[in-house]
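In order, the protein sequences belong to chains A and B.
Numbers 2 to 152, taken from the working numbering, label the letters of the first sequence in order.
Numbers 20 to 497, taken from the working numbering, label the letters of the second sequence in order.
These aren't lab readings, by the way, just hints derived from the structure by calculation.
Everything numeric in this text was worked out from a predicted model, so none of it was measured.
It is possible that some hints are incorrect.
Rough simulated footprint, nothing fancy, chain B against chain A, three-plus residues with beta-carbon under 8 Å [as the list claims (entries may be wrong)]: (1) 14-27; (2) 45-52; (3) 117-130; (4) 133-142.
Just a few of them, taken from the derived set where beta-carbon distance is under 10 Å, the chain A residues facing chain B [said to hold, decoys possible]: (5) MET7; (6) PRO11; (7) CYS31; (8) ILE67; (9) GLN72; (10) LEU73; (11) ARG77; (12) ALA108.
For glycine and all other residues, C-beta sits at the position ideal for the given N, C-alpha and C.
Read off the chains here:
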Amino acid sequence: MTGPAMFRLPPEVEAQLRRHCQEQYPDEACGALFGQGDGTLAPWAVTGLSEAPNEHGDDHRRRYLIPPDFQLQAERHAQATGQDVLGYYHSHPDHPAQPSEYDRVHAWHGYLYLICAVRQGRSLDLNGFALEEPGGAFTAVGVQDPPPALR
Amino acid sequence: MPVSILIPTPLRRYVGGARSLAVEAATVEAAVAALAAQSPDLAGQLLDGAGKLRNFVNLYLGDQNVRVLAPTLGEVPLKDGDVLTIVPAIAGGAGEVKLSRNEILRYSRHLIMPEVTLEGQKRLKQARVLCIGAGGLGSPLTLYLAAAGVGTIGVVDYDTVDLTNLQRQILFATADVGRTKLEAARERLTQLNPEIEIVTHSLQLASWNALELFQDYDIVADGTDNFPTRYLVNDACVLSGKPNVYASIFRFEGQVSVFDASRGPCYRCMFPEPPPAGLVPSCAEGGVLGVLPGILGSLQALEVLKLILGVGDPLIGRLVMFDALDFKFRELAVAKDPLCAVCGASPSITAPVDYEAFCQIRGAEPDDDGGSGAPTISVEEFHRRRSAGERLHLLDVREGHEAQIAEIPGAVRFPLSELPGRLHELDSADTYTLHCHKAGRSLEAYQTLRKAGFGRLQILAGGIDAWAERIDRTLPRY
């Protein structure tokens, strides 16, 4: 990896992600991120997402669990469209967009994790994170702005 | 049997980036073993020490989770062309916030209120509030937020505690004079509530650091006393989507409001441009009744807590003005300006700008009299020339009650408020040196006299405060 890890998120995908996180408030929202990736900490270029149901039985406000069946469908969708599952997003209702220890313990090295803070039903900061190594610490992944459109 | 195994993105690095692998296996167990043989690291990700599939790894045969097909992987047979998909479990979440026994007792008067309850107190504990300035407003603000159990309180300041602060800045004690405000604030707030985190930011808020700083907080509370910082806080709040709980004070008057551009107007909707230089003196120039920031800073704390708890009607789109002399609260509706330069439909400000230049109100900085184009003379130079016998006209533009505290010998009193009506007493052919307490009103007097045709003017840099500090130490400073 050269330089800090970055991710790219088209405005329409970001809008969809924020909308989903706001709709699910005060529960946590979660979903899969699609794009092209080989599992290295290269720039993640997210091109789309898929909203997942939150199957955490006990506490939807503090936890999320993506149903494995949903993941299978997401993997199938990625395969069928020549994409990859780049990572997953989830919201932190009334909590900063920083990964919790619970997030870290359950994270996979190689996935991009986007966390969106939602306060009072309104989405705020959206931050990216990735594990530095399997079982290691989270490192922040910066937003890479797309190149400006030429006129 | 030739079967294929689909590899999810995070595990591809163990198999040379392949999306899928073909293996020969008669059972799922054999297929996993064949995969593990390709990479010991991959095996460690998938299997535990006993060679069983880890809890947080799911394996699908077609559409079926193999865990539901049979108790052990060896019992799941494969046939030609089967597809196995590895699905790493994805879970996480913000994590549980808990209150200790001690915290429950400490906040019990909150917990029994139906508007707060345990749920609300947990919200307070999770909240992150950034207070700009540890001064008159910041004192009650941070004290009440800390007492209420706001989990993370950031404080921005770069000043040290001065004896003149203690008349209103109740965060500090006499023994704190000379210490940095942040050090003293951290100590005091931690003494009040050791359950919370105090984050100190020893810096001057600037266009290049504001957005990064605000990122870590949910709410910003502006307790600054100058226009460059106020506009910077406002714009950075709009740009980063943070609500700005604002208050300001002057002498006997105060204002408080909540600017949240997503739900209402911002400060700039109300005041698109800062006032002309020198028109609004700072507290150092104009004074403030000590209890006034106590009232306004407490109102700020109230609005911050309401925003966190999501209760009541926040002061969005409303400016409350308090007149302490008449004891009147007045409320003014503030509309969102669709043409607002920062929160309007097509904003011209899309990043924080250099507000010092934008405001051109150097007079708001008490010791600063540069940047206005007005010529200045140092107290040392003035003293040297006058001692050498040079005849210099020194005009004291402070109000009469201030002259009772201290005066520079030989100065003629020309209070700023009387200046326009007393111009005939001056001769535009003469050279006048202007002084006030520090610099703000001298600059305003300078501009008035310039407009009236006086060309030979200079400002005594630092005013009587600099004189008392460096020339005549018997004079009291205030």
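Results for each hint:
1. By the rule of at least three residues with a Cβ nearer than 8 Å to a Cβ of chain B, the coverage given for the region 14-27 of chain A is violated, with 0 such residues.
2. Figure legend: the region 45-52 of chain A, annotated as covered by chain B; annotation inconsistent (0 residues with Cβ-Cβ distances under 8 Å, at least 3 required).
3. Check result for the region 117-130 of chain A against chain B: holds, 6 residues qualifying (beta carbon to beta carbon below 8 Å, three or more required).
4. Counting residues of the region 133-142 of chain A whose CB falls under 8 Å from any CB of chain B gives 1; the rule of at least 3 is not met.
5. Evaluation of the MET7/A hint against chain B yields a violated restraint, the C-beta minimum of about 16 Å exceeding 10 Å.
6. Given the 10 Å rule on beta carbons, the hint for PRO11/A is violated: about 19 Å separates it from the nearest Cβ of chain B.
7. The interface hint given for CYS31/A is met, as the beta carbon of that residue sits about 7 Å from the closest beta carbon of chain B, less than 10 Å.
8. Residue-level restraint check for ILE67/A holds (minimum Cβ-Cβ distance to chain B is 4 Å; threshold 10 Å).
9. Against a cut-off of 10 Å between C-beta atoms, the interface hint on GLN72/A holds, since the closest Cβ of chain B lies about 5 Å away.
10. Taking 10 Å as the C-beta cut-off, the interface hint given for LEU73/A holds, the closest approach to chain B being about 5 Å.
11. With a least beta-carbon distance of about 8 Å to chain B, the hint placing ARG77/A at the interface is held under the 10 Å criterion.
12. Residue-level restraint check for ALA108/A holds (minimum Cβ-Cβ distance to chain B is 7 Å; threshold 10 Å).
This entry does not satisfy hints 1, 2, 4, 5 and 6, going by the numbered hints stated previously.
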